[in-house]
Each structure stands twice: as C-alpha cells, then as structure tokens.
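2 protein chains.
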Amino acid sequence: MDRRKMLGLAGAGAFGAAAAGVVGTQVFDGVNHSAHAADAGAAIPFYGEHQAGIVTPAQDRLHFVAFDVITDKKEDLVELLQKWTMAAARMTAGKDAGSIGAVNGAPEAAPDDTGEALGLPPSGLTLTIGFGPTLFRDAEGRDRFGIADKRPPALADLPRFAKDALKPEISGGDLCVQACAHDPQVAVHAVRNLARIGFGVVSVRWSQLGFGRTSSTSRSQTTARNLFGFKDGTANLKAEDTKLLQEQLWVQPGDGPDWMTGGSYVVTRKIRMLIETWDRTSLGEQETIIGRDKGEGAPLGKSKEFDEPVFAAVGSDGEPAIAMDSHVRLAHPDFNNGARLLRRGYNFVDGSDGLGRLDAGLFFIAYQRDPRKQFVPMQTQLARQDALNEYIRHVSSGLFACPSGIKAADDYWGRALFG
Amino acid sequence: MDRRKMLGLAGAGAFGAAAAGVVGTQVFDGVNHSAHAADAGAAIPFYGEHQAGIVTPAQDRLHFVAFDVITDKKEDLVELLQKWTMAAARMTAGKDAGSIGAVNGAPEAAPDDTGEALGLPPSGLTLTIGFGPTLFRDAEGRDRFGIADKRPPALADLPRFAKDALKPEISGGDLCVQACAHDPQVAVHAVRNLARIGFGVVSVRWSQLGFGRTSSTSRSQTTARNLFGFKDGTANLKAEDTKLLQEQLWVQPGDGPDWMTGGSYVVTRKIRMLIETWDRTSLGEQETIIGRDKGEGAPLGKSKEFDEPVFAAVGSDGEPAIAMDSHVRLAHPDFNNGARLLRRGYNFVDGSDGLGRLDAGLFFIAYQRDPRKQFVPMQTQLARQDALNEYIRHVSSGLFACPSGIKAADDYWGRALFG
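Here the protein sequences line up with chains P and D, keeping their order. Number 419 marks the last residue of the first sequence (full-length UniProt numbering); no jumps. Number 419 marks the last residue of the second sequence (full-length UniProt numbering); no jumps.
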C-alpha cells in the first residue's frame, strides 16, 4: 500500500486498524452498531497489558476531554470508574454505552445511550484514561480521596516554560479521557456518554476535537502533515520499537508506585499556530525554521524523509545545513540525551479568533515513561531556542498518569490505585 | 449498499461521490494530490449550471467561513473573486491552490499553497460562495461597491425570531464560502488558502467546523443522526426531486435580478444543543418532542422512517399521536404552505462552555429559492411553538445569496453581479 493510497483512505476505519494487523476478532453480541465492522471500521481490543490508544496506530480523529471531580466521596468516584470501564468496553466494541439502549429502553427512563452512533461501526474507537496531579491533591492542598501518598514522583507538576501563554480554564483536570476513532461522530459519542454517566460526580473541564493525525505511531503509517504544511514527528517512537518502548514509553517496575507499572504519562499542549503569519513567510525561511524541506520532508541536506539528519553538515554558505535554532535539531534525541516521545497529536481548527484569523494549530499529545526526563527538558530547550516560537503559542497544558491496561472483565480503570 | 455499510464508509471519499454517480472524469494535470483519486476521494466537478455543494450528496465534513470585505475598492474585490475562482477550480480537482506549489516554489517567495493537503486526494471537495446583505449596503448604509440596486428582494434581512440568542461576532458576513469534503484536512486547507489569498482584501469574520452530515441531499444517502440521537431531515428536498427543486430550490427567471437566476439562498443557524439536559430526559419525552421514534426514526404511530406522518391520528389516550408542538409537525410542509428546504447541516462540538458542559449542537444550513416564503415563516412558527426550544439556542445566523454555477474557465464567482 503506497503512501498516497494510505492517505486517501485515512477516513475509513478499515484501513487504520487492518493495515497494522491489530484488528480484533471479537464476536459481537448485544446491540452491535454494525454487521460490517470488519470492512468498515473494525474494533480495537479494549482489554490488554497496556491501554489501547497509545501505541495503537493513530486513528484519524480525536475528542480529548478533561474532567473535574465534583464530589469528595471516594466511593462515588470508584463507582463511576467502574461504570465507565463497562461503558468503554461496550463502546469500543461498537455497542451502545449501556446495557439497555435507546431502542429497547423503557419510555419513562432517560436512555442509557444517547443514540447518535446507532448504526455506526466501532470505527477503531479507543478510550484511554489518565489521572491528573490534582486528583491526588487538589488546588487547596486537600487529599480528597486518600491517595496523596500514591502520587508518582514522575507526575510532578510541569514547570512554567518560557513564552507559555496558558489559559487555566483549558488546562489541567483531575481525569482525562482520550477518545480516538476513524469517525468523529463515534469519538464524540463516547465522550458525551462518559460525561452523561458521570453526571453529579464529574464535570467537563475542557474538551478538544482534532483531525488529521499529525504523528504516526506505527511504521505501517505514513507521516501526516501539520497545519504548517510540514511532515511532523518523523523520529517519533513507533509501536514496533519494542526495546525503546520499554526504555522510554512504559513505566517499569521500580519506577514509582506499583499501580503505574505498565502505564505511561501523557502530556497535552494546545499549540495555537499563527498560520496567517506563517503563510506569508517564504518557503526558504519556513524550511530553515523546521530544518526539513516542505515537499518531501527530508532533513535539509538530505533527500528522503527517513534519512538521518547530519547536524554537522555545512552548506555552501558556510552555515550549518540544519540551523542551530531549527525545530528538527532542538527536538532531536541527539540533543536531548537520547530522549524520545510517543506523539499522537492532532490538528485543530476552533473557528476564528475574532481578529480575522483562524483559531488553528496542533493539539500535541505525547506519551512517555517519565516527563521529568523527556518532555520537560525537551520543552525547556525548545521554549528558549526554537525558531518556530515566533509562530506558535502554547495555550493549554495537561499532564496525566495513564495506568496499565484492563486485563479482565472484573477489572476497572483505577482499581490498582483505588482498590 | 446497505445503510450500515454506507455509514461505515462515511469517512472515505470514494463512497460519497461514487455512490451518487457524480464522480467527475477529469484528467488531472499539474500537481495532483493523488494518483488514486478514483478510489479514495474522487473529485466533484467544479463547473456546471449550478454551484456544486448544494444538491451534491452531502459530504461528511464541513468548514464554513464568513468573511468581511476590508477594502472599499471594487477592483480589488473583483480581482480576489477571480483569484478565488481559479484556486477553487484547482483545489476541488485535488490540486494545490496556486500554480506554483510549495514543492516547486521559489525559496524567496511565500508558497502559493500552504502544503497540508499535499498527498491527499480531492476527497469530494466542493466550494460554494455566497454574498451577504452587507455586501450590497454595509452597516453604515454605504453602497461600497456600487451594487446596492442589484440586491435581490429575497435577500431581505432575517427578522428577529422568538428566543434568538444571536452573537453578532459569529453572525452575518459580506461573503461566505461553504467547504464540504470527506476529509476535514482537505476542507480546512481550502478555506485556509482562500483566506491566505484574500489577505488585505477580506478578513475571516467567523468560521465553523462540522462533522457527521445530519441531512441527506440525495436518495442514495441514508438519513444520519443529529446530536439528539435522532434522524433528522427525513423530509428534506433531495437532488432527485427535479420538479420540486425548480419550485423550491433554484432561483427562477423573473424572481429578482437576473444575476441570481439559477442560484439559491442559504440560511445558516448555529444551534447550540443543551445536550446534558436532553440526556436526562426520558425516552418517551424525547420521542414526543421530536414526533418520531428514536430507534427507527418513524413518525409516531407508524413503523418506518419514510412512512408519511398521519397528523390526524389519535393515540389510545385520546391525544394526537404526533403532538401539536412536536418538531416534526411544526416543520412539516403540510403546516408550512408546502414549503420545504434543502438542508445540509452538520453536527459540531466546539470543546466545552466553561460551565461543565460540551459546547455542541447543529450547524444548520438550508438552501432555498426564497427565504421570505420558506425559512422565515417556518422558523417564525418553530421559534414560537416547537417543544424542542427548551433544549436549543440559536446563537448565530447567516444569510447569503449564492449565484449560479461557473460555466467556463474564463467565468468567475460574482461576474454576473460585478461584471
């Protein structure tokens, strides 16, 4: 399957999952949204050693949501996590959210599913949960749920980076759920039903839609383009990098509290792009800033996307072929003590900003074993030096500890933490 | 192709265009984004008697943009419309926006295409232009472009409807472009490049992304579901309704100024849904409000979606089977002097509203021959009586005159009006 064909099919669920060989062979029972799951949006297995939605080949659509917990009762929160887990298992399999769906529901009760995904296949839906620092100790310093001593050291609050322009109301959160799917209606349906089930226990703090995955998380995928028009994340950690994933993605025994073993930490950053300014910048300047050519995505001085950049190379003008403040240099593992991230960000357009400009950019999502050794030093360097900073603003930030996978039907999200 | 399969493939461009038999047979020259257009997102012909994007089978993704014209020079506006027409013809064919693309561009110049759609197929992209009332006479009463006497009587400002909660900053506009495609990256790329080309002449006033078309515009399509979880627009005007389209969609000779003959008027309404409130309403109440059952979409008292509603029928409780204030009754042609609309709205989720709720709803788009006889009386009645009003808020409104199609390569958007 060549690149163009892959990109062209990016909207069809059958592609994303099937090409990577991770299609589930589940037998659907109950209310299954589709008899055509295999060819039109197959299911990604919900159960497994790790949570789905991390190394899963990046689906093409995102709905990311952060919740505040609005109760102080641990038992209510745990009950919600149990209900959520059941609903997530159902929805990722292409079923409706509740065991009694709208179609069969009693007329006097509110439906246990909101209905907008009826008839749609699983569409590669994954739901990935994370726990934020404020769940362990809130802004007033309270340990509401008796878990402050279980907070992993790696879940340290992110520092303030140079040029940060964060809006608190779209940052942070006690819990997050990342919903990825090949159909936005399926991702939105999942988040909306989790919010519905959580009524009275959690409240939506912020949410973000995204499209056009900007990172490949598997070598079966091509590198997509961000809204600067460049290929992005070529040197990303990939599902096939088995050894690197143990070193840099999955939390290992002894890293911190046991409940996070097999999990990963996710950092989210909403990065507004000043695309109108960028669009008036010359092609040569754009390529110098990124450090890659725009057409092919090759490191400057090379011809193919996956050619290794040669940072020592000097151009005919005596200057480094890849500028010292270029994005590709500053973000490269060679200049970050070998640190890498598993990125699965998405483009966003949130309408316009009231100043005649599109409100658009990158919703950056990166998973890693320890943000203190990976995202934080990388972003510290980028925030100070990256030539791209003239064209971007970080407007929201999130950090969440994502536990390991659900292994059995009686397990639930957070059992190792709360149980 | 059955309904489930159709829905499952909704993200793949090949479906939407191919199923309706409108795939273009263009030979691509220049920089074509894909060699696989035919099987992965074919092109919709740009040239034709009517503008594409109206009766075109509704694609699955939307980027709608309204612009303010920020110059008073008619020649600059006309030059922009000419440039836009050329770029639109290229982009809808799957090419980049400018004749010198990023790949071949001179390094000292800003690229003539922003690059994020490189490698993507045409994806069924349509671009549809409209002219707003303020283009003919602005808020200060000025006839900036000498066309006030060409304003069609049917382009009368919409009245204020009961319960309107319109935000001026996301309403109105001098120009609009509706971009529909099967891939949001392609729709966003098109709008973004039109904005780029328009720098200094127009400014983005507002823009809206949408997904999950909520109306079928062709009998080849199934009826999709809105975020209330109900099928919507079953009785919509369809591409196949040849006679009705002449009566109710396309402007006829003698309707008004000649330049609009063969065109249509579009009304947009951003309708915020209070989905959290809706989700706590019983299934029976939801069905009573809509007037259809949720599972099948059949009118109450009937069993199939396309069964004709029997408004005179009385249930076992002696009440009308379809409530007097139900949406399906109040919106039906039988109660609107036979008036219909061609609807092609989309679902939207714009994150959350800061009050713990998703900011979600329907971006309503409806084309018609004369809003004074169609949308205005229908909405007047709905705004006063519709039981659904408890769960919705109209927060933006737009009205635009969309001229007939571009028939030849030397024609341009607005020539009949400005030429």
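Be a bit skeptical, because a hint or two may be false.
Any copy, or any two copies together, can satisfy a pair, since identical chains are not distinguished.
List of simulated lysine to any residue pairs, SDA-like, C-alpha gap at most 25 Å [stated by the list, open to error]: (1) K243 to D350; (2) K167 to G284; (3) K407 to N389; (4) K304 to P377; (5) K73 to K167; (6) K407 to F311; (7) K150 to L355; (8) K373 to M86; (9) K150 to A110; (10) K304 to A110; (11) K407 to S303; (12) K407 to A387; (13) K302 to A109; (14) K243 to E276; (15) K167 to G356.
Hints were generated in silico from the structure; no laboratory data involved.
Each hint, compared with the structure:
In this assembly of identical chains, the alpha carbons of K243 and D350 never lie at most 25 Å apart, being 38 Å within a copy and 39 Å across copies at closest. In the homo-oligomer, the alpha carbons of K167 and G284 never lie at most 25 Å apart, since the shortest distance is 33 Å inside one protomer and 41 Å across protomers. Taking identical chains as interchangeable, the C-alpha atoms of K407 and N389 are never at most 25 Å apart, the minima being 42 Å within one chain and 45 Å between chains. Proximity of K304 and P377 under a CA criterion of 25 Å is satisfied in neither setting, with 29 Å inside one chain copy and 61 Å between copies.
In the homo-oligomer, the alpha carbons of K73 and K167 never lie at most 25 Å apart, since the shortest distance is 28 Å inside one protomer and 40 Å across protomers. When the C-alpha separation of K407 and F311 is checked against a cutoff of 25 Å, the pair qualifies neither within a copy, at 44 Å, nor between copies, at 53 Å. Within a single copy, K150 and L355 get their C-alpha atoms no closer than 46 Å, and across copies no closer than 30 Å, so neither meets the 25 Å cut-off. When the C-alpha separation of K373 and M86 is checked against a cutoff of 25 Å, the pair qualifies neither within a copy, at 35 Å, nor between copies, at 50 Å.
Taking the shortest alpha-carbon separations for K150 and A110, neither the intra-copy value of 37 Å nor the inter-copy value of 52 Å comes in at or below 25 Å. In this homomeric assembly, K304 and A110 come within 25 Å of each other (Cα to Cα) only across copies, at 23 Å, whereas the closest approach inside a single copy is 56 Å. Taking the closest pair of Cα atoms, K407 and S303 never come within 25 Å of each other, the shortest separation being 45 Å inside a single copy and 42 Å across copies. Taking the shortest Cα distances, K407 and A387 never come within 25 Å of each other, neither inside one copy (45 Å) nor across copies (46 Å).
Only between protomers do K302 and A109 lie at most 25 Å apart by alpha-carbon distance; the minimum there is 22 Å, versus 63 Å within a single protomer. Proximity of K243 and E276 under a CA criterion of 25 Å is satisfied in neither setting, with 41 Å inside one chain copy and 45 Å between copies. Both within a single protomer and between protomers do K167 and G356 lie at most 25 Å apart by alpha-carbon distance, with minima of 21 Å and 16 Å respectively.
In this structure, the earlier hints numbered 1, 2, 3, 4, 5, 6, 7, 8, 9, 11, 12 and 14 are contradicted, and the remaining ones agree with it.
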